[in-house]
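S.K.: Listed below, chain by chain, are the residues.
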Amino acid sequence: MRVLLFDTCTLLMLLRMAPNMFQDKKYGAFTVRSIREEFVRTSKFKDKYPWRSNSAGSIRALLSSHPKILEIESNKKIIDAQIISGRTNKKTGRRFDLSREDRELVAWALALNGFVISNDQDIEDYGHQEFSGLFMGRLSPLEILNDWLEEGLLTWDDTLQCYLDDWKTNSEKPQPTREKRRFNKLTGYQYVGS
Amino acid sequence: MWQGGRLKEELSKQGLSMSKFASELGVSKTAVSDWIKGSMPRGQHLIGICQILQVAPDYLFNRDLPDISIPVHRKKLANKITDDSRDASLEVAYLYLNLFRNAKPPKLEYVLQNISDDAEEQLSVASQMRRLAGVENPNPINYAQVFELLDKLNIVTIFRSFPDSIRAYAFHTEINGHRVIFVDIKTNIIDLIFVLLHEAIHAVIYKAKKSQSTYYGDTEETFCDKVAGLIQFPPSYVQSLIDNLKGKQKVEKVLILKQFAKQNSHATYGISQLIKAKSNILDDIDRTVFAGADARIRKNTLTIENILFSSDDPAEYIRILRKLSPFFIQLLQGEIDKVSMSKISEWVDLGSIADAKQAVAELRR
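From first to last, the protein sequence lines stand for chains Y and H. In case it helps, my numbering puts the first sequence at residues 1 to 194. In case it helps, my numbering puts the second sequence at residues 195 to 559.
In short, the hints are calculated from the structure, not lab data. Hints should not be assumed to be uniformly reliable.
Quick list of in silico lysine-lysine cross-link-like pairs, BS3-like style, CA-CA up to 25 Å [unchecked claim]:
id, chain 1, residue 1, chain 2, residue 2
1, H, Lys517, Y, Lys46
2, H, Lys470, H, Lys420
3, Y, Lys173, H, Lys532
Simulated restraints, written as ranges between beta carbons of each label pair [as the list claims (entries may be wrong)]:
id, chain 1, residue 1, chain 2, residue 2, range
4, H, Ala555, Y, Thr159, 24 to 30 Å
5, H, Asp261, Y, Gln190, 45 to 51 Å
6, H, Glu499, Y, Tyr163, 31 to 37 Å
7, H, Ala250, Y, Ser65, 16 to 22 Å
8, H, Ser213, Y, Gly86, 26 to 32 Å
9, Y, Pro174, H, Val249, 39 to 45 Å
10, Y, Ser85, H, Arg492, 40 to 46 Å
None of the values given here were measured: they were computed from a predicted structure. Heads up, the beta-carbon is just placed ideally off N, CA and C, and yes, glycines get one too.
So that you can see chain H by itself, here it is in the shape it has in the complex (with noise of 0.2 Å):
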């Protein structure tokens, strides 16, 4: 957003009047003033303001606004979440800025008031997540019910290819007062449900006010994990693994892991930890037999962009885009006329205008 109030601290950081500075610019004292009060400059004169000021144009303007939050990252041993990792995050968000600005504002939507760290509170949480997914079975929750869960929770899921710099699989953030999750496309099925699951309970957790933080806070992001591990996997999926696990040999026991996870598509790795939590039948293997394991999953699973992209046919992606992200969908047809192909193109982030024409062609039917 434009900061007045800048402009004004540099005048007089520089020893210029408001009537000096608008004569060098050519224009008057009172816009000088209508500036430093809040009214953003026209670009040509902006250009004069910086050229004059010696000012780069980002030092005029606040990149926080009001009906966008700063997207947040898991924050894991490992993944180190910097600044640009951020940064890029809210470039991804901006692009989509107008897209839900233009759009009427959400519906009436489900929330999380409290976080509990009671197990039953948040298994009971869980429960209602699955019941809203449509899951009647005791199985691991699918993919497509993931999205249906999205769904009902008015969340709005983007797939784009994230820029390596984003080093997260898919982030929630909150634009003009959607729900929004962004998904990288290169992420695989096995890797996508627990992250997905994760940024949903996020995004429906009350906030009072948009975070401005980098992090989640701690018992935030513990009782999303213990959440979307739940809805996952539950109580009774990991103790029947368990039942089966018993009086196994270590190998039998990593090849039953392995048939449970294929079937089911989830990895290894993230059951094995739930089941350590309950039971020692596990102890006896180290977690990289499980790290491998899922290496092996994942050259066997699809990716989400291989889903998407399971044809050359537009009208199929486009089934398919629907199917996955139905509010998405509805924004960009409610855009399709106003905007142009190129902006579209960027929306739907094919990498190709000539792609995005046959898209919004079968948006359009």
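With the rest of the complex left out, here is chain Y (with noise of 0.2 Å):
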């Protein structure tokens, strides 16, 4: 089974098209707590996520008890010191600017062997320059969703068509091309995301 680390954007774009995704371990779905917090908070604007709280109960973080808890402080550590030291991204020149947040995810996914799901080519980018031996790799969410469709975990209706046209509404990252022809070919829609 695939361990699959959801940063907070992808985890927004999904959730909802996969209510059960952290309850079946089919799915293979994970997130580190301080992720699944965010969705208790109360919003401070208007919510464009209205439905986010009531799903904040079905969200499995990954435990501070983890039996691997020693060698993800320790990769934390390593990467807030490469970070705060202006590690640069070879490819763009600029310095890698991890959040808190994506560097936690980096750390679980060094030590379990998972891929982190994101929009972030930076992540990417930081993964495979630093740990290129270990990295998994970064995953895009429309690549994650077509996987479960694959798999047989998700069926596609009007309902999903209409949350997934949500992306677009909401300024998602636009998904890889590749991955909007393989989500046609597979659910007969057409593709109406970012």
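Hints are included, so try docking the two chains, each in its own frame, into the full complex.
M.R.: Written out as structure tokens, the structure reads:
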């Protein structure tokens, strides 16, 4: 079973489509505690995701009692030190600037041989540049959605198609073209997301 | 920063030759030699180094960076500043390192070359500051004028919710040559004005090198207190209060002070101290009376959080933030398309990426 570690943006994109993604082990979905906590916080603005707080209870977060926690903590310290020291992305020439949340996801992904599910290219570049032998990779949410459809975990319908339309409304990052084509083929629906 | 020397020390301590260590780690001897000379290893090699040598990653890095000054705090009677507090402030400042590293160098800035204990000179500095803030009347400076002053002094103000370990309303640090003041959004306006002025004076005092101490020296602290007090309360305001208090009974005096304080958004305690320095008119009133009065004023005064989130409309939030901290908004606008949404969310500290996304959408308009 693949371990999939979701960041907040991708969790917001997929949770409504697969509400039991954290309950059913076949999905392989996990996240970190700080991300789950974000779902229970009261929004400062009129919420674009009104369903968010109701879903918080279903999110499974990795625990600090995990058997690999020492390794994870050590990974976190290494990543923190590298980012603070100003490690540069060799592809872009800019310094990596992963948020604390992103650093935590990478630290867990390294220890659990997991994939980070994110729209952020910088995570992928950082993982491959610094941990080429250990980092499994970053996957886009649409790729995961397609995988779940292919595995029969989800059945596409008009409601899910509406949720997909919200990706565009909410200005989510554009998804890979290859995956958009794959989606059209798998569902018979036209891809309407971002 | 990576400390190659520590690696060398540890190899020597553990009796490991560079060749043996390199072979255990599966890298060339040249790579190890480069690391010792100062080049930072890749992440996966850092993991290997820590595992083989059984050292914590922290041991191989120095947390003090050349482009950031250690945040220092006011050393106050009951306000015990601990290493934890300093470290927590540094952690906050680290979140913004790359925001300032990627920013253009700051423009020419107002600098105070000397710290003087001469009352006339302190008043002259305070008067200059009031003029910079655009204060034209003899009233106490208000919070909007304070933020105007910070802007004129090229100080970037960043609003965050401070962790409990930071026992301060605000603190100043310098990041990549930029003057930065972090403000705890939970702070009440009546507490914030003096503190912001105090930190602003620290920010503009010329320093030959960045601070490596946890505390400011007493001379600098006293100077900042005096000047901040004079900026907030010009002598004519203090005198007008004294005139109003003359011949009044104890209860009346407290009521008058409270009335002035409410009208001008300040606490009674600070002004009472300034009055006491000039006159014995308040000598019959215990300081606890002012503390009680201030607690009641605080209940009816806004916090920075109340001001920033006075509406649930992200456009209004950005408009207020732009007014209070225009430099910060400029810096964010330069970076919004270059970093992840979770990083932006961390910078704007809205506690939620969904909120941060709405704020960013407004910044793009």
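S.K.: Next step is simple, just say for each hint if it's right about the structure.
M.R.: Hint check results:
{"no.": "1", "hint": "H:Lys517 with Y:Lys46", "in the structure": "holds, 22 Å"}
{"no.": "2", "hint": "H:Lys470 with H:Lys420", "in the structure": "holds, 14 Å"}
{"no.": "3", "hint": "Y:Lys173 with H:Lys532", "in the structure": "holds, 13 Å"}
{"no.": "4", "hint": "H:Ala555 with Y:Thr159: 24 to 30 Å", "in the structure": "holds, 26 Å"}
{"no.": "5", "hint": "H:Asp261 with Y:Gln190: 45 to 51 Å", "in the structure": "holds, 50 Å"}
{"no.": "6", "hint": "H:Glu499 with Y:Tyr163: 31 to 37 Å", "in the structure": "holds, 33 Å"}
{"no.": "7", "hint": "H:Ala250 with Y:Ser65: 16 to 22 Å", "in the structure": "holds, 21 Å"}
{"no.": "8", "hint": "H:Ser213 with Y:Gly86: 26 to 32 Å", "in the structure": "holds, 30 Å"}
{"no.": "9", "hint": "Y:Pro174 with H:Val249: 39 to 45 Å", "in the structure": "holds, 43 Å"}
{"no.": "10", "hint": "Y:Ser85 with H:Arg492: 40 to 46 Å", "in the structure": "holds, 42 Å"}
Violated hints for the displayed structure: none, as all numbered hints are satisfied.
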